[in-house]
Each structure stands twice: as structure tokens, then as C-alpha cells.
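One line per chain: the protein sequences are E and V, in this order. The numbers in my numbering rise by one with no breaks, and the one at position 384 of the first sequence is 384. The numbers in my numbering rise by one with no breaks, and the one at position 404 of the second sequence is 1404.
No lab work stands behind these hints, which were simulated from the structure alone. Heads up, a few of these hints could be off.
[Unchecked claim] Straight-line C-alpha distance at most 27 Å; calculated DSS-like pairs for lysine-lysine:
1. V:K1468 x E:K344
2. E:K344 x V:K1439
3. V:K1458 x V:K1468
4. V:K1395 x V:K1439
5. E:K379 x V:K1082
6. E:K344 x E:K355
These numbers come from a predicted model, not from an experiment.
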Amino acid sequence: MLDSAFELLRQQAEGERSAVEIAQQAIAAIESSQPQHNAYTHFDGDLALATAKAIDEKRAAGKPLGPLAGVPVAVKDVICTSDMPTTCSSKMLRGFRPPYDATVVERLRAADAVIVGKTNMDEFAMGGSTETGAFGVTKNPWDVTLTPGGSSGGATAAVAAQTVPLSLGTDTGGSIRQPSAFCGVTGLKPTYGRVSRYGLVAFASSLDQIGPIAWSAKECALLLNTIAGYEQRDSTSLDRVVPDYVTATDSNDLRGVRVGVLREAMTADGVDPAVQAAVAHAIGVFAELGAEIVDVDLPHREYWVPTYYVIAPSEASSNLSRYDGAHYGHRSEDSDNLEAMYCKSRAEGFGAEVKRRIMIGTYALSEGYADQYYNQALKVRGLIRADYDAAFSQVDVLLGPVTPTPAFELGAKIDDPIQMYLCDLFTVGANLAGVPAISLPAGLTDGGLPVGIQLQAPALEESRLLFAGAAYQSATDYHTKRPRG
Amino acid sequence: MAELPTTTIIGLEVHVQLRTQTKLFCGCSTKFGGPPNTQVCPVCLGLPGALPVMNEQAIELAIRAGLALQCDIPPMTKWDRKQYFYPDLPKGYQISQFDLPICVDGVLEIDDPADPEKHRKIHITRAHLEEDAGKSMHDETAGSADSRIDLNRCGTPLLEIVSEPDLRTADECLAYLTKLRETMVHLGVSDCEMQEGSLRVDANVNLEIDRHGEVIRTPIVEIKNMNSFRNVAAALDYEVKRQYVEWEDTGWTIKSKGKRTFGWDDVKEVTYPQREKEESADYRYFPCPDLLPVRIPRERVESIRQSLGETPGEARERLQKQYGIKAYDADVIVSQGREMVDYFDTVATHCGDGKRASSWIQQDVLRTLKERDENIDSFPVLAADLGNLLSRVAKGELPNDRARDVFKHLVEKGGTIDQAIEALGIEAVDESEMETLVKRLLDANPKVVEDVKSGNQKAIGPLIGQAKKHNPNANPQTVRQIALRLIEQAP
């Protein structure tokens, strides 16, 4: 099984193993995992080996190497890659190969990472279980009868199955954190604008953010160092200095750190006892590490999900207009005029969940309803942001659950969209407010399934989350638990 | 027609293409006429994952235009998405401006075509920025249904200038469009080349029919995408008559029928209804989440206002007064835009002769620009150089025809005037040498002497030609003067 990213860097630096040997191990791991878990939509062993070989040659020639040299990384299939297809797990984009790399992919290449493949997801990142994609469901490596969560289920399963130490996911309403909790890995949703969205196929532009997934907070910091930072091709990208996130995780001293506890969220109806226990236990750990525990509330929390499920589909309905069969992507062969071409191409190309959200969004934006739904949701979003501002005037980080329950069975909620949407109960707030949030492994159920906790921090305070997360992980061993088999 | 008194109500929506180097949201060229789909990138193609980045120059030009139209420039403007499916709109939405346009509440004053002594104020509701769509070309000849799409134009910046329904006649519309075009060209906001589609006009028109004191309003017709002033006038004239007849036939009013979209067929010279959707279009406007709202500080607006300079009307008056040139000549120069006025100013100042500068610019410069398909700002002969060249002509140091050779040399080869003069072998001819030459020619042409003596000075003409043959640097003016003097002195 693959070692941590830091261990792989050390092994290469000390000449114990080459990048090619590491890549070979990753490819073997993917090949054995793929039939069981289906975490990838595409992987390319030859390409990975060629990249690894070039890195070994660079090292041999004494040339400077990037901070991720020779580390295998998987990329969610919603992020554009010029040398691999980018499908968003949709029939609409089957085989689509963008002529360019996303900014994060350019940065991975510049850091000498070895991109091994593209990971499975809910179609266009819409879903909470990696079941809505067109290329089969992904199975949770802890128990293949369970969902890995979604929509970055492939990205978290790829790490949980130890095919790669690092992967990139995207988080629009919890799509990094929820599957991280289900798969027992660490996943960070950065501040909106911290990581360039250029080349990220848009789901809901004002909420989407790319983030790192790994076993530990320190490895997330390593990956975030590479992908964070201003970029002029994305107007919403923040022009702020990027701190060294890895250095930020060096200290374990939480004395003086005020941890706000969402007491009400912790004990809300429908929250599984195992989740409640994990949060309660984490509060104890933080207190032992010297943190000050403060009860706080985010009063508009009950509006998070409805607000999110107006704004996200509205933006999605617009962003997905471009898939009309005219220029690229799926075109129906069964149409004899323009309008039929649009209708049939979209009817055939999109799956049920994507269609559902396009319909909701189209309705919410339509003349006569926009004020009732979309504009109203924007106003509530303002209140939600104000809640966060008020909370962060009292505490440094917020602590609470990631998900109401541990991983559920495949198929359990796929026909009940409302139940599926409630998986996002605790995560969408961070997206609506644009603040960073991290999901940390924090316990196991009686049945041996991972349970996560979530920390949230003010905008641009990823360092604080990674520091607190690493401190927690220095005192606990949940992030070192691996699935059996 | 016109059995009952009728007033025509017209409002115009004019799209002008802003003169930016690059597109509104990406770095692709806006140059007209490139091979299809060569000026495109992931952003203007609407590829998945591509994001727009605003072009500051477009904002600058839009503010210039707005100020020239006496608009307010609000401190905040934003970008919205307008959704509709169209094959040459690759994103499925157009990035435009909905409720907070960059310019609001302006006025364009025009000469009243019905009474040259009077002016009319046409109110401008708003002017907003938006990206252009691509171009579809359909080949439906003989059973083939071949559609091709050129996306070069996709993302080109447009300013849509919307007037109030203040216009009453086709002539007024022409006066408005002429004035608008002149202003936009003069300020460098747009080239307004209608044949290249950089100025396009939609007209909203209906009638108010006075039926014995009762005012009846006919349904509004929007005539889309007219691409010449002649078409605008013809379409309006046609539409006014058509609406009256339609009202007589059907009794339709604005209440019963609302607004419809028509096209103009410039071959048949008729307006015709375009395919109508069963329901009215719902563009589902919402703020574009990929672009931040744009703050426009007061100071920025004021500094652009300072840089606007004179209006075309002021420039015309000044040129006539300052350089003593005719109204027509001033008009030709001003209608070429601000850069040409600057060019003329420099040439005229350097040569000290506005009339000479004006005639050279109208003949030599404009013709050369046209031949080379160039703008004055990239013209190889700098204004100061041309001014200095003409000053030598004015001082008699260089004959006009040799100056023209120098000009041609500068256009084609560049370099300084002196280098051109040297390369062309132009040198000043010694007065006594010239006198000897003319004397010899007069001796050889007694008939010329005779004719001149009998009062026909034109007879010297052929002599000038012969003198130039002997010495290409012979100044015709000098030859004439010497010849006249010698003939007078002759016994």
C-alpha cells in the first residue's frame, strides 16, 4: 500500500525509490482497486510512467524539482486536463478532451506531481453519493455495499483505497467534506477564491471550490501549497499572499485557541449517535490540547439547505446551457431541426439529477418567480454570511459534525432527492459564506465505519484549520485507520 | 394613406462595436475579416471550465461614449447573464448588463431635419456593454442544408445605446444616427463601419392615430439588425405605411397585440414578421457569478471627461476659424475622427498653412490610407514630418510635385525627409543655372515668346515640361517666373 506523500518525497530524496517505482506501485494499486471500487473514470499508466521517468531524469541531472516531485495525484473528472478526457461523469461529455489544462493542473505539473487519472463523481458534481454519474457508481473502500459519499466520492475513495496519497476534489455544498467523512480521509474546502477555478467545469460558480484530499491535514497542506494563489484568468480569484501551509501544521499548541461548538447542530434530530459521540469526543480532545471551548450558534442554519438548493441549481441551469449539442459534447442523432437537436441532445446527454436541478434553477430564475426564489435566496445568503461574521468575532474556529450519519448504503437515497439533499445539512453554510472548512476522521462506528468532524474558519484562514486539524491528528489516530481488504 | 392624422413614434437601439484591441472577456483579437474560427480561445468558445476576465479598455470606451452622450455614469455597474439558446451563442447565455448599465440618462442633440434653424433633443435611456455572438452561415441551395458557424466575432465588445421613443420621422432617425456615428468615431469609441457590422440598428416603431380626438396606438414592431442608414430609412417608411394599413384591416392595437419582431428584406424592400415564439422570451437574467461588480470611482469618470476634448461640432468650427479652411473641408477631416483632427492640427501648425495641410490630407493622406487599408494612428508618415515637408513647399524650397515624390517615398520606405530627398536625388537648383536653361529654351521656342507677349501666359506651360525634362528638380513655379521676366526684359 502506498505511503504518505511526505514519505514518498523522502524515499526519492534519499534514493530508496524512484518516481517510476512509485508510479508503478500506484498503477498496480489502481488496477487492483478499480474493479472493486470504480473510483476512476480514466487512468493512464503509460502517461504516469512517462511523467515519472522525466522526473527521475531531472533528478539524475541535478535539476531543481517541484515540491510534489514524483507524488501520484488523482484529479476529479470535473477539472480540465489536456492529456486525459474530462467528462464530469456525464454522457454529455463522454470522451471530451479539453484543449487546455485547468490552472490547478498546470500547477500540479509545475510541482512535478504525477497525475495518474481522473476520478469518478456525481454527474456534473450534482449528488451526494457518486451514484448519479453515467459511468457507474463508486463503492466505499470500507464497505463496498456503501456509498463513498459525493460528489467527490471517486476522489476520496481513490485515497481511501490507497491508490494515491493525494487527490483533488471540488466542493460546492460539501462535496469534498462529506465523502471525506464517509471514506475516513481528510478533505479541505478552501476559501472561495483561494484556488483558481479556471478550468474547473462550473456547477454553481459562486459556490464551487477546488480542494485537497489526503489521509492527514499535513498532506492536505502540502497539496494546498501547490494549488492556492491568485490567478488572473479567474476574476473571482483572491490576490492575497499564500502562506506556507505545511509550516503552519508544525505546532500542536492549541492554548488560547477559541473553539466554537455548534451545540444545537450536534444534537439535532436525525444526527446519528456515532456522529454525536465523535463530536463530543473531539471537544474533549481540543480542550485537552489547551483550546477554550465556547458555545456558539449560527441562527440562520435552518435556511442553509433551502437557500443552497435555490442558488446552486439557478447557477447550474445557466452554466449547463452550453451543453446544447451544437459545438461539442453529445449531439442527438435523432433530430431534424435546431430546436429538436437542442432538446434531444440534452434529454439524452443529461441524467435525472442534472435535469432535476436544471428544472429547479430555470424555475427559480424565471420571470415572475425570480423575486420569490432567487433574489430571496440571495438576501438570505447575506444573513448567513453575517451569522458567520458574528460567530468568528467570538471564536477562532467552529467545530461540528460533517454529516448527519456515517456512509449509507448504495441506492438507499438515490430515489429520494430530499433525503439526499439533507446530507448537506452541515456543510453548505461554508459554501454560502465562502469560508474554508475541513473534514477530519474522528472515530469509527461500532460497525467499523469512519465518522468525521468538521472545522470551519474565517475566510483565508486555511492555515488555522490545517494547524488545528494537524494538532487534533497528533492527539488521535483516526486518520491512520485504513479500510480492511 | 394618412386619412387620419398620424404621429410616428420611433425609438432606436444602436449597437456599436467598441474599438478595443481584444475581446470583452478574453485576449483574442477583434480584427475584422480573419478566416473563420481563427480568433478564438476557450473563453470565447464557451468551453467547459473557461472563465471571462473583463477588458478594462471596453469600460474606458463605454464611459467615453456615455459622457459624450451626456449620460450619468453610476458608481457601480455589474454583469448579468441573458439566457437563450442559439447556435452562434456558445455558452447558451450572453454576458450583458441588465438592471445596472454603465451609462444612464443621456441626451443627443440633433439638427431638426424639418427646420435647420432648430435642434431636437433625443433622450438616451441607457447604454450598456455586452458581448457579441458569432455568425451563422446557412447554405440551403438545392437540398443541401449546410450550416457553418464562425465564432471570430464571439465576445467582441458592443455598446448598446438605447434611445427614448423621441424620434418621429425617418429623417430624424438618419440625423440621429449620423450624429451618433460622428460622435463615436470622433471619440475613438468605435469605427462604426456598417458593412463590417460594427454599427447595427434596431428600430422600435408604432403609430399614434388620431381618430377624431381619440388616440389609437398600433402594436410596436421591432425591426431588427439593419445594417445601413439607407435600409433604416426605407424600412421605417415602409413600416409606417404597413402599420396604418394593418390597423385599417385588423384594428389591432398595442393593447391587443403588444410587441412583435420584424426583419427587413433589403431585396424586396419590405419588413416581414420573424418567427415568433409562442410565449414571450424569458431571458432569466441574473448576475454573472464569474465576474465581480465593477466600481467606477468619480475620479475616473472625471479624468475621462477631461480627456474627451472638443465635440465634433466644436472641432469643425475651430478648424474653419483657426486655419481659414472651408466648412466642407473641415467636415471631411472631422468626420475621420479625433486622431485625424489631431493629425491635421499638427501638420497645419508645422507647415503654417492650413489650406495646404487640408488639401494634402484630403487628397494624398486619405487616398493612401484607403489604398493601404490603414488607420491614421498607424500611418507611416508622422504628422510633424508631413508638416515640415509642406513647410518646405510653402517656402518654395521644394516644388509640389517633388514633395509628392518625397511623401510617396516616406510612405513606402520610411526614414526622414532628408533621407528621402537624398534618395530621390532632389537638390536645389541654382538660380543662374535655371536662368541659363530657360534662356536656351526661349531661344529655341520663339513661338512661345510671341504668344506670351500677345497676352497668352498659358503658353509657358510646355516650356515647364521641357525644363523638367532637362532637370527633374526644376521648380515649375521658378521656371514660370524666370520665363516671364526674361520675356518682359527682351527687346
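Which of the numbered hints above does this structure break? 1, 2
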